[in-house]
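Novice: Mapped onto our numbering, the consecutive letters of the sequence shown carry residue numbers 1458 to 1714.
Honestly, the hints are just simulated from the structure, not real lab data.
Take the hints with a grain of salt, since some may be wrong.
Claimed, not checked - Lysine-lysine pairs mimicking PhoX-like chemistry, simulated, CA-CA at most 25 Å apart: (1) 1582 - 1571; (2) 1524 - 1551; (3) 1524 - 1542.
Here the structure is a predicted model, which is why all the values come from computation and not from measurement.
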Amino acid sequence: MPAFYAEVTSIQEAISQFDAHVTAIADLHARSLNVLSEQDSVTNTSRLTELTESTRALSNGLSQRIKALQAPIRNSSRQDAEIRKNRITLVHGKFVETLQRYQNVEQQYRQRYKDRVERQFKIVKPDATPEEVSVVVNDTQGGGNGMFLQAISSSNRYGDSRQAYREVQERHEDIQRIETTLVELAQLFSDMAVLIEQQNNQIIDVEAKTAGVEEDTKRGISEVDVAIKHARAARRKRWICFWITVVIILAAIGIGV
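Using the sequences and the accompanying hints, generate a full structural model.
Specialist: So this is what it looks like as structure tokens:
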């Protein structure tokens, strides 16, 4: 159990680090929505990409470590199993809470990025229809990019249009990165749900084994009690037989005399 406790403490520290990463990612998202020079934008995007990758590695590692906590231990008592369950539930809850916060941050900024894309498109094409806006905002196949370029060619605000086009491209990259993260978070949520189910099954198994041991012990004690009674009865019978034999011998001697 000492090794288990040490690992739980280490995981809790890693979850705190994960939470700090989420806060930093939210700050970088907010910064990307502010007015930045092109160089500042490149630097911010690079930092966001690196932090997203390291956070992905951290969250995946945490998931694996929490799963490993459930590795079965031979001859584990019911009390130890309950302690392990409570500690695993604790770190699982903190991890899922941070996953949910990360998910909320990504969903929030995905919508804010889409809102920014819509505003930028309307700078280029103020009379854009809702359908055209939807194509540009939700562009996944490149159709929105062509529509945006067409709008730029027809705009008399070339400088603003080029700036808007650059930002739209950046926002699309941000949205795609967020979409990838959300898919990965959904998988982690699924893994954690399976983990809790497996944990409950392990507790049931331990309880069943404990109940079986207790039943076997009771049955063993009962059998010992029966054996003792049989042994006492057998001794009593032997003594009776002995005294009967003695009486017979004495009687035989008396008759002989």
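Novice: Now, for every hint given, state plainly whether the structure supports it.
Specialist: The hints, checked one at a time:
1. 1582 - 1571: Measuring from Cα to Cα gives roughly 16 Å; hence the hint holds.
2. 1524 - 1551: Since the Cα atoms of residue 1524 and residue 1551 sit roughly 14 Å apart, the hinted pair holds (cutoff 25 Å).
3. 1524 - 1542: 12 Å, holds
In summary, the structure agrees with every hint in the numbered list given earlier.
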